[in-house]
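A.B. asks: Quick note, the sequences are listed as chains A and B, same order.
Heads up: the first sequence is residues 1 to 179, going by this note's numbering.
Heads up: the second sequence is residues 1 to 121, going by this note's numbering.
A portion of the hints provided could be inaccurate.
[Stated by the list, open to error] Straight-line distance between alpha carbons at most 16 Å, and here's what the computed EDC-like set of lysine to aspartate or glutamate pairs gives:
#1 A:K170 with A:E151
#2 A:K123 with A:E172
#3 A:K30 with A:E45
#4 A:K57 with B:E44
#5 B:K19 with A:E116
#6 B:K21 with A:E45
#7 A:K133 with A:D143
#8 A:K64 with A:E18
#9 A:K133 with A:D100
#10 B:K19 with A:E151
#11 A:K57 with B:D29
#12 A:K91 with A:E28
#13 A:K131 with A:E118
#14 B:K19 with A:D100
#15 A:K66 with A:D5
#16 A:K57 with A:E18
#17 B:K19 with A:D5
#18 A:K57 with B:D43
#19 A:K169 with B:D10
#20 B:K21 with A:E118
#21 A:K17 with B:D29
#22 A:K131 with B:D29
#23 B:K21 with A:E151
#24 A:K131 with A:E115
#25 A:K30 with B:D10
#26 B:K19 with A:D46
#27 A:K2 with A:D49
#28 A:K92 with A:E19
#29 B:K41 with A:D143
#30 A:K66 with A:E151
#31 A:K131 with A:E116
#32 A:K64 with A:E172
#33 B:K41 with A:E116
#34 A:K64 with A:D49
#35 B:K41 with A:E18
#36 A:K30 with B:E44
#37 A:K123 with A:E99
#38 A:K39 with A:E151
#39 A:K2 with A:E18
#40 B:K21 with A:D143
In case anyone wonders, no lab produced these hints; they're calculated from the structure.
The structure presented is a predicted model; accordingly, all values stated were derived computationally and were not measured.
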Amino acid sequence: MKLIDQDILTQYYTSGKEEIAFGRLVSEYKERVYWHVRKMVLNHEDANDITQNTFIKIWRGLPKFKRESNLYTWIYRIATNEALNFIQANKKRIAQSIEDIQLDNRSEESFFSGEEIEAKLYKAISTLPQKQKLVFHMKYFNDLTYNEMAEILGGSVGSLKASYHHAHKKIESYLSNHD
Amino acid sequence: MKPTQTHTEDTFPYLARLKGKNGFSVPTDYFDSLENSILNKVDESNNTKVFSIGKVFRYAASVAAIAIASSIFFFGENDQSTQDEFDELTVSEYFEDIAEVDLELEESLEFDEIVMTTKNQ
Numbered sequence: 001m002k003l004i005d006q007d008i009l010t011q012y013y014t015s016g017k018e019e020i021a022f023g024r025l026v027s028e029y030k031e032r033v034y035w036h037v038r039k040m041v042l043n044h045e046d047a048n049d050i051t052q053n054t055f056i057k058i059w060r061g062l063p064k065f066k067r068e069s070n071l072y073t074w075i076y077r078i079a080t081n082e083a084l085n086f087i088q089a090n091k092k093r094i095a096q097s098i099e100d101i102q103l104d105n106r107s108e109e110s111f112f113s114g115e116e117i118e119a120k121l122y123k124a125i126s127t128l129p130q131k132q133k134l135v136f137h138m139k140y141f142n143d144l145t146y147n148e149m150a151e152i153l154g155g156s157v158g159s160l161k162a163s164y165h166h167a168h169k170k171i172e173s174y175l176s177n178h179d
Numbered sequence: 001m002k003p004t005q006t007h008t009e010d011t012f013p014y015l016a017r018l019k020g021k022n023g024f025s026v027p028t029d030y031f032d033s034l035e036n037s038i039l040n041k042v043d044e045s046n047n048t049k050v051f052s053i054g055k056v057f058r059y060a061a062s063v064a065a066i067a068i069a070s071s072i073f074f075f076g077e078n079d080q081s082t083q084d085e086f087d088e089l090t091v092s093e094y095f096e097d098i099a100e101v102d103l104e105l106e107e108s109l110e111f112d113e114i115v116m117t118t119k120n121q
C-alpha cells in the first residue's frame, strides 16, 4: 500500500480525526476519480455527480474497509461501479455525450476542445464490449498495472492482457478507417 | 529488436499519438469547489439523524403480532391451528420484506460488485 494511503488510514482509524483524514483522502484522489469517471461518461455534469456520490460512498464505507486490500484500488472499484451503474441507466444520455463532443455539435457546456481524432477515439471506445472498454480505460488513460486492474475488476492478469490487446487493435482499426 | 515505444508507434500510430492527450476541460476552480461540495455533503449526512425504516416497521409488526395473539387468546379458539399458521406465515413474510428494505451499505457494495462482475462476463 502507498505510504500516503497508509498515513490517511492510520489517521482515520486511530486518531479520532476521521473527517480530517477523509479530507486528505478527497484531496489526494478527487482529480483521479473525476478523470476516471469523466472518460467513461464524457459529460462534465454527470462526472461531477458520480464523483461526489463515489466519495460519499467511500465515507460511508470506510468504517467497514478491510485494510488488507489497497485503498487506491478500493476507491477505483467504487468509482467504476458508480459510473457503470450510471451508464447502464442512461444509455441514451451517454450516446448523446459522444455526439456532443463531435466537432459539429460541440458547445461550451461540453467542456471539450480536443482534436477531431480524439473525439473519434471516444466514439471508437463506445463500440467495444463492456469488459474491453473498462480494461482499455484503466490501462490507456490511467496507466494502472494489470495486477491493480485484476484487483479492481477481478479475473486473471492473462485475460486482462488479452482484453486490452483486442481493444487496442479494434480502436486502432476504427481510427484508421474513419480518418 | 525495436524498443517497445517504437513498436507501438509503428503498429498503433493513432493511439500512440493520442496517448496522454486530454481534450476535456473543467470549469475554473472546479476541483476546489468539488472538494468543498463533497465535504459539505459529508457534514450534512453526519448531522442528519438517520433511522432505519426497517426498524420502525419491525416495531409496528411486533405490536401488531402481540395484538393479534391477544385477540385470539381472549376471543375464542375456533379454527386455532389455521389462524396460527396464517399469522406465522404473514409475519415471517413481512420480516423477509423488511430485511430486503433494510440493506446495509456493505450489502449494497457487494451487490455492486456482482453487477460489475456480471457486466464483465
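A.B. asks: Which numbered hints are broken by the structure, listed smallest first?
C.D. replies: 1, 6, 9, 10, 11, 12, 13, 14, 17, 21, 22, 23, 24, 25, 26, 27, 28, 29, 31, 32, 33, 34, 36, 38, 39
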